[in-house]
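**Student:** Whole structure, please, built from the sequences with the hints as guidance.
Protein chains: 2
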Amino acid sequence: MNLKQLSELLGLSQTTVSRALNGYPEVNEATRERVLQAVKETGYRPNKAAQRLATGKAGSIGLVMPTAPGHQSDVHFGEFLAGLGEEAVRHDFHFVIMPADPDDEVAALRRLAISGNVDALFVAYMRGHDPRLPMLKSLSMPYVVHGRSFGSEPDYPYLDIDNEGAFYDATRLLLQLGHTRFALMNGQMHLDFAIRRKNGVISALAERGLALDEDCMSHTLMTDEQGLLAMEHFLQLPERPTAILCSSTVLALGAIRAVNQAGLRLGEDISLIAHDDVLPLLKPENFSVPLTTTRSSLRAAGVRIAQRLIGTVKQAGPFPEQELWKTELIVRASTGPVPRF
Amino acid sequence: MNLKQLSELLGLSQTTVSRALNGYPEVNEATRERVLQAVKETGYRPNKAAQRLATGKAGSIGLVMPTAPGHQSDVHFGEFLAGLGEEAVRHDFHFVIMPADPDDEVAALRRLAISGNVDALFVAYMRGHDPRLPMLKSLSMPYVVHGRSFGSEPDYPYLDIDNEGAFYDATRLLLQLGHTRFALMNGQMHLDFAIRRKNGVISALAERGLALDEDCMSHTLMTDEQGLLAMEHFLQLPERPTAILCSSTVLALGAIRAVNQAGLRLGEDISLIAHDDVLPLLKPENFSVPLTTTRSSLRAAGVRIAQRLIGTVKQAGPFPEQELWKTELIVRASTGPVPRF
DNA sequence: TACATAATTGAAAGCGCTTTGGATGCCACT
DNA sequence: AGTGGCATCCAAAGCGCTTTCAATTATGTA
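Chains A and B, in that order, are what the protein sequence lines are. For the first sequence, full-length UniProt numbering gives the first residue as 1, with consecutive numbering after it. For the second sequence, full-length UniProt numbering gives the first residue as 1, with consecutive numbering after it.
There's no promise every hint is true.
One copy or any two copies: either way a pair holds, since identical chains are not told apart in the list.
As the list claims (entries may be wrong) - Heads up, simulated SDA-like pairs for lysine to any residue below, C-alpha to C-alpha not over 25 Å straight-line: (1) 314 to 205; (2) 57 to 92; (3) 40 to 102; (4) 40 to 115.
No lab work stands behind these hints: they were computed from the structure.
**Tutor:** See below:
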């Protein structure tokens with residue numbers, strides 16, 4: 001069933017039917033009713049590809065999903081998507097997801113943009129000096145970046161959390177508790193948030209004349225295994241750190257296993273603060289020793305970015321170009337005063 | 001840059017350029033080269049919406065993502081998507097994801113199908129007597145179901161794991177270890193896999209003349225909290241079960257917390273076997289007591305389903321309509337002989 | 001009654017691509 | 001010279017929708 005058939009069935013022109021469906025004012029209310037009724041009976045749905053071709057709008061936002069045979073799927077991705085979806089469903093938007101090799105992201109993003117399949121783009125997993133940024137700017141398509149790109153001019157639309165502030169505050173708390181030997185379990189070095197969090201730690205330590213030793217920093221994939229390994233490494237250092245900053249609750253999962261295996265008590269022998277993206281699977285309050293965290297909801301960020309993206313496509317008023325969300329520092333049992341020896 | 005401009009630039013007709021790009025044989029190799037060269041220089045990409053309109057093929061597979069403000073995102077969804085993506089990227093396919101309220105899935109699926117945006121559909125989270133099945137059959141669009149629908153005629157294309165067999169085998173192992181008091185922590189009752197797993201347990205028990213008490217069965221969301229609650233309930237039963245079957249490693253996470261909090265030792269006082277979807281985040285071998293599991297890779301299933309879906313769209317040979325994968329039973333430390341009192 | 005105005009409706013062009021059904025030129029062969 | 005076959009290429013129709021421009025009818029006013 002297409003427009004032509006429907007209009008013939010109704011004895012109307014395609015024009016009128018189309019107008020009736022799209023809410024144009026110049027169509028008689030009675031005929032509009034008649035059209036709507038016929039739509040219900042026939043189950044007619046406009047062909048999206050044709051609409052897209054005619055209007056240039058597709059009602060969809062595009063994103064690139066990094067994937068490859070060895071590539072681990074990322075819980076954060078799913079959670080973020082849920083946030084995007086929550087907002088998208090309200091506006092009858094959908095997503096076009098282009099899976100791409102992580103090495104091919106710039107090209108994949110361009111393909112997606114030029115394909116004419118999407119109205120706007122969403123970009124995440126930002127790196128320092130991210131090469132996607134100049135590409136996006138050269139496109140004439142709305143986009144919002146989740147995160148920022150260290151080293152790039154911040155003149156692009158983004159939503160980020162204050163990673164530096166979060167880890168600065170967390171470090172200060174641990175300093176106030178008397179800790180002096182710190183370690184940082186971070187995400188991969190090239191990722192923007194990792195850079196900023198490291199800076200946050202370093203600047204808080206610097207205020208007390210302390211520094212972060214190279215040995216006390218790990219930059220790894222944020223998996224539970226890597227957390228275990230990193231923590232094992234820290235624990236066997238001659239001057240073992242007593243305060244751990246950790247970029248993810250997933251890393252913390254492994255780290256805590258290492259702590260337990262070493263026979264140490266979390267929150268007493270060793271203090272840990274992790275960043276919490278509010279993953280439904282990994283609630284810090286459910287750890288055997290509830291975790292002190294810096295918190296910011298990934299899902300909420302997804303909702304907000306979808307709002308901005310969809311709003312821009314629909315020309316629904318201006319949106320702030322840059323947003324920086326503060327994180328919350330939530331103290332639970334995994335932090336305590338420095339142990340005395 | 002569109003076809004028309006490109007063809008004018010080359011002094012050729014749109015026809016020839018189109019043919020050159022799509023690998024038709026009747027175009028001179030020299031001109032094909034010329035066209036390809038021009039494409040490289042101009043960065044021309046065909047408009048997907050127009051291609052779709054002209055050919056009826058879009059190079060995309062559609063899926064519905066259940067989402068709502070209160071709706072928890074599901075780790076399994078992300079992992080499965082990674083599998084789909086891994087295969088899709090090889091064929092330059094993408095996904096169209098329609099977020100929809102869980103109560104609106106049938107309608108959402110139909111909208112997606114009729115929209116003309118997708119070539120094939122993928123469906124998951126199957127229930128008993130699933131209402132989406134008749135709808136899918138009435139469509140003339142290829143689809144593959146992940147899972148099955150208990151109570152429906154199995155005449156639709158699916159890929160499922162042998163849930164019943166998996167839990168039958170797991171139960172038998174525990175029986176052989178001398179256990180007689182069983183409990184089952186299952187997914188929501190209406191879900192197909194939950195029905196089959198329960199049947200597997202029940203039939204293994206029945207062979208020994210045992211039954212599964214109502215009190216020893218939980219049907220919940222597969223979250224860590226629900227796992228904790230369910231296990232707490234089991235532990236305070238007058239005749240506390242010593243053998244637990246668990247539908248997910250996520251549930252197991254909470255269950256084990258409850259076991260620990262009760263001062264019991266996993267694998268000694270209480271044995272547990274969980275189903276493992278091979279989530280990168282939750283490896284059974286990394287639990288403090290490594291988990292005995294029934295294993296089947298969700299991601300591998302995603303790859304396979306994408307193969308079938310894309311293959312069907314591309315008419316690349318016949319595929320089996322029904323596939324039932326066996327699971328592996330992997331014994332680790334969370335199972336042991338029944339304790340003596 | 002005649003005319004301007006508003007309310008409805010339609011015909012047709014166009015979005016960018018594929019594909020059918022010819023054209024055209026060139027060659028070998030009779 | 002005439003013919004058929006082959007290799008190339010092109011004009012134009014059509015996919016299903018939106019939208020411009022124009023036509024038609026109904027309404028109100030002088």
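**Student:** Take the hints in turn and mark each one as holding or not.
**Tutor:** Evaluation of the provided hints:
1. Taking identical chains as interchangeable, the C-alpha atoms of residue 314 and residue 205 are never at most 25 Å apart, the minima being 46 Å within one chain and 59 Å between chains.
2. For the homomeric pair residue 57 and residue 92, the shortest alpha-carbon distances inside one copy (13 Å) and between copies (22 Å) are both at most 25 Å.
3. Taking the shortest Cα distances, residue 40 and residue 102 sit within 25 Å of each other only across copies (22 Å), while inside one copy they are farther apart (45 Å).
4. When the C-alpha separation of residue 40 and residue 115 is checked against a cutoff of 25 Å, the pair qualifies only between copies, where the shortest distance is 15 Å, while the shortest distance within a copy is 32 Å.
In the structure shown, a violation is registered for the earlier hint numbered 1 alone.
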